[in-house]
Amino acid sequence: MDKSIENIWKEGFLKVNTEAAPRVENLYRRKSLMLTEKFKRTLSIDNWSILPLSVCFLIGIGLKVNWGFGIYVFAMMILLFFYNRRCLKTFNSLHIEDNVHEYMRGYLRSVESLIRRISRMMVVGFPAFIVPAYIYIFFVWKDKGSVFLEEKGWTIFILLCLAVVVGLSALGWISYRVSVRIVYGRMIKDLRQMVADMDDLSKE
Amino acid sequence: MSVDFYSTYILPHAAILIKICRAYTHNQEDFEDYYQEVCLQLWKSRASFQEKSSWSTWVYRVTLNVCLSLHRKAKRHPQQTGLLPDDAVTHSQAFHSEDLDQLYHAIHQLREVDRALILLYLEEKSHAEIAEILGTNANNIGVRLSRIKERLKKLLDGQVN
Numbered sequence: 072m073d074k075s076i077e078n079i080w081k082e083g084f085l086k087v088n089t090e091a092a093p094r095v096e097n098l099y100r101r102k103s104l105m106l107t108e109k110f111k112r113t114l115s116i117d118n119w120s121i122l123p124l125s126v127c128f129l130i131g132i133g134l135k136v137n138w139g140f141g142i143y144v145f146a147m148m149i150l151l152f153f154y155n156r157r158c159l160k161t162f163n164s165l166h167i168e169d170n171v172h173e174y175m176r177g178y179l180r181s182v183e184s185l186i187r188r189i190s191r192m193m194v195v196g197f198p199a200f201i202v203p204a205y206i207y208i209f210f211v212w213k214d215k216g217s218v219f220l221e222e223k224g225w226t227i228f229i230l231l232c233l234a235v236v237v238g239l240s241a242l243g244w245i246s247y248r249v250s251v252r253i254v255y256g257r258m259i260k261d262l263r264q265m266v267a268d269m270d271d272l273s274k275e
Numbered sequence: 075m076s077v078d079f080y081s082t083y084i085l086p087h088a089a090i091l092i093k094i095c096r097a098y099t100h101n102q103e104d105f106e107d108y109y110q111e112v113c114l115q116l117w118k119s120r121a122s123f124q125e126k127s128s129w130s131t132w133v134y135r136v137t138l139n140v141c142l143s144l145h146r147k148a149k150r151h152p153q154q155t156g157l158l159p160d161d162a163v164t165h166s167q168a169f170h171s172e173d174l175d176q177l178y179h180a181i182h183q184l185r186e187v188d189r190a191l192i193l194l195y196l197e198e199k200s201h202a203e204i205a206e207i208l209g210t211n212a213n214n215i216g217v218r219l220s221r222i223k224e225r226l227k228k229l230l231d232g233q234v235n
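Heads up: the sequence lines are chains E and B, in that order. Be aware that the first sequence starts at 72, since it is given in our numbering, and climbs by one per residue. Be aware that the second sequence starts at 75, since it is given in our numbering, and climbs by one per residue.
Take the hints with a grain of salt, since some may be wrong.
Unchecked claim - Below are the SDA-like pairs computed for lysine to any residue, each with C-alpha atoms no more than 25 Å apart in a straight line:
1) E/Lys223 with E/Val211
2) E/Lys260 with B/His145
3) E/Lys109 with E/Val266
4) E/Lys135 with E/Tyr205
5) E/Lys102 with E/Phe162
6) B/Lys118 with E/Leu104
7) E/Lys215 with E/Trp138
8) E/Lys81 with B/Asn101
9) E/Lys102 with B/Glu111
10) B/Lys118 with E/Ile259
11) B/Lys147 with E/Leu151
12) B/Lys149 with E/Glu108
13) B/Lys227 with E/Phe84
14) E/Lys135 with E/Leu151
15) B/Lys147 with E/Leu114
16) B/Lys147 with E/Val254
17) E/Lys260 with B/Glu111
18) E/Lys102 with B/Leu142
19) B/Lys228 with E/Glu82
20) B/Lys223 with E/Glu77
21) E/Lys102 with B/Leu85
22) E/Lys109 with B/Lys147
23) B/Lys147 with E/Asp261
24) E/Lys81 with B/Gln176
25) E/Lys109 with E/Pro123
26) E/Lys109 with B/Lys149
27) E/Lys81 with B/Asp173
28) B/Lys223 with B/Val187
29) E/Lys260 with B/Arg146
30) E/Lys81 with B/Ser122
31) E/Lys81 with B/Leu184
32) B/Lys147 with E/Met258
33) B/Lys149 with B/Leu85
34) E/Lys81 with B/Lys118
35) E/Lys81 with B/Asp231
36) E/Lys215 with E/Pro203
37) B/Lys149 with E/Arg101
38) E/Lys111 with B/Lys149
39) E/Lys81 with B/Gln183
FYI, nobody ran anything at the bench for these hints, they're computed from the structure.
So here's chain B without its partners, still in its complex pose (with noise of 0.2 Å):
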């Protein structure tokens, strides 16, 4: 992968796959192993990005896709990745906050589906542009999103384990 790759068409989406990684690992080994995954993948599969959606879209769809995929792995044969339990956060990113933290430990207590539909709808994302990115329907998005919502709200007051 070339430099100008990367510092052109990935690192300007930076965040993005800091925010989605995170949500999928527990430990900041991890974390970068995640986000180097995902550069991997974005610079494999920079041939079949056709310009149909924007590059950010692409950015989201391949980090969600490859991070559910690690995570589903991982959960699979957590020995060899040395996948932490889900209370064990111990992320040491520069952007540390108390609020968030907690926020992304109730995010780590959801389904991994879920995980990527409210960290979509975080981002701003449309129902529709949520429905593009994921592969799904719209018309449910709402609904679903109602819910998982009121979980996380109900975990971050420690109404629900």
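The shape of chain E in the complex, shown without the other chains (with noise of 0.2 Å):
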């Protein structure tokens, strides 16, 4: 090469004017596809991933405990399958063609709704999905109710059924918050700030 690269850097940019720079428009498109798939992806993830698990509860406590019980957790498990699958199909219904700042918009309050949705489950769902079987257990499997019934009473049962019933609700409660803080933290936080650079941007 003859030329020096100060000459070739001064004469290749001599024609540099203002009509070189690309077009500002739609930003944050590209990191809002990219956050939102990412987002998809692990969402699926997470879900496919209830499968393996709920044959694994089903062998294992069929085996180890009952298979009554072992079908029991299996179903139960099923069942939030199908119920996330279905809550991720809203997903699909915000498109980043109309708007990125809308899709954005939308799309954080798909995630902030399905949380909510999935918190108030685990309140109710927790010990629904836990009560059943301790009493199963309890009362069928070990046959130990009749004798506690006899010397503590109904009352101390309901009672002590209640306290469980809330302990649990604020377990799964705390554990759900937790997992999603865990797994969901850092894109949740993403996500947020990318909508309010949004409004920011649109604001002025």
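Reconstruct the complex from the two isolated chains, following the hints.
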């Protein structure tokens, strides 16, 4: 190469003017798509992982405890899988082509609503999932229920059940929120930041 | 971002953005993304600009920081950003020049920080200005630049891969 790098640089950029600048439009489009795709992928993997887990629970509980109880746990987990699947379909109704800002706002709304719905479900579902199983083990499998009722009475039993239900509800809510924070915390933070930036951009 | 902000504060320095973004990207799509991200960061960081330095120095600094961080991110997750290998330079800007393309091709083969250094040198920034923009010490900039220029020359002459 005969020319010096300094000359190549100067001559190469002689004609550069503002027309060479790309148009600034649809900011965040690609970034938004990348984030929402990552979100969808993680949600989907998360949901599909319920299936092998449910089979493991079915076999494990079936062999170690009782097949009836195993099927109950399996059915609950399958229900959760289909419920999540239905919830995930709401994301498909959002299209970035319409408007990136609206798309991201809609996406954030859907994510927050999904988290709220599953949190509520955990509050109700976790005790609903555990308590019948516990009662089954206590009364049918181990046959200790009648002895307990004779000794302590129904009032204690009902109070104990209520305390367990409240405790399990709290545990379900907390464990779900913690898992959301661990798995999706960063993505949700990015999503909120992006929407906040776009809100600011649109104000000016 | 208002049209006013873009046309008053960014457009007069568009050449800086173009030159730097091009040094860290390998195709037109990435180039446009980087350019837009730099514009956005300039707009977002406008409150942090304290007039201790000139606006153009600020533009250089923000542009380099954004490009370096995007480039590092792209290297970590190439499948998500569509980053192409170094030899897949397919820019289609209006300022096409074969010599310049070759120079950029050589610049792409330098380390990230060396790219920043040589870009600022080619923009005729003094060692003190380069140090200020990169937030480094001005003492060894001359030596580093000589090494980088030597390597660039070899790359352009085809002496090294």
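Hint by hint, here is what the structure shows:
no., hint, verdict
1, E/Lys223 with E/Val211, "holds (18 Å)"
2, E/Lys260 with B/His145, "holds (22 Å)"
3, E/Lys109 with E/Val266, "holds (16 Å)"
4, E/Lys135 with E/Tyr205, "holds (15 Å)"
5, E/Lys102 with E/Phe162, "holds (17 Å)"
6, B/Lys118 with E/Leu104, "holds (21 Å)"
7, E/Lys215 with E/Trp138, "holds (20 Å)"
8, E/Lys81 with B/Asn101, "holds (22 Å)"
9, E/Lys102 with B/Glu111, "holds (10 Å)"
10, B/Lys118 with E/Ile259, "holds (20 Å)"
11, B/Lys147 with E/Leu151, "violated (35 Å)"
12, B/Lys149 with E/Glu108, "holds (19 Å)"
13, B/Lys227 with E/Phe84, "holds (19 Å)"
14, E/Lys135 with E/Leu151, "holds (23 Å)"
15, B/Lys147 with E/Leu114, "holds (23 Å)"
16, B/Lys147 with E/Val254, "holds (20 Å)"
17, E/Lys260 with B/Glu111, "holds (18 Å)"
18, E/Lys102 with B/Leu142, "holds (17 Å)"
19, B/Lys228 with E/Glu82, "holds (20 Å)"
20, B/Lys223 with E/Glu77, "holds (10 Å)"
21, E/Lys102 with B/Leu85, "holds (23 Å)"
22, E/Lys109 with B/Lys147, "holds (15 Å)"
23, B/Lys147 with E/Asp261, "holds (15 Å)"
24, E/Lys81 with B/Gln176, "holds (14 Å)"
25, E/Lys109 with E/Pro123, "holds (22 Å)"
26, E/Lys109 with B/Lys149, "holds (17 Å)"
27, E/Lys81 with B/Asp173, "holds (11 Å)"
28, B/Lys223 with B/Val187, "holds (14 Å)"
29, E/Lys260 with B/Arg146, "holds (21 Å)"
30, E/Lys81 with B/Ser122, "violated (32 Å)"
31, E/Lys81 with B/Leu184, "holds (20 Å)"
32, B/Lys147 with E/Met258, "holds (15 Å)"
33, B/Lys149 with B/Leu85, "violated (29 Å)"
34, E/Lys81 with B/Lys118, "violated (31 Å)"
35, E/Lys81 with B/Asp231, "holds (19 Å)"
36, E/Lys215 with E/Pro203, "holds (15 Å)"
37, B/Lys149 with E/Arg101, "holds (17 Å)"
38, E/Lys111 with B/Lys149, "holds (23 Å)"
39, E/Lys81 with B/Gln183, "holds (20 Å)"
Checked against the numbered hints above, the structure violates hints 11, 30, 33 and 34; every other hint is satisfied.
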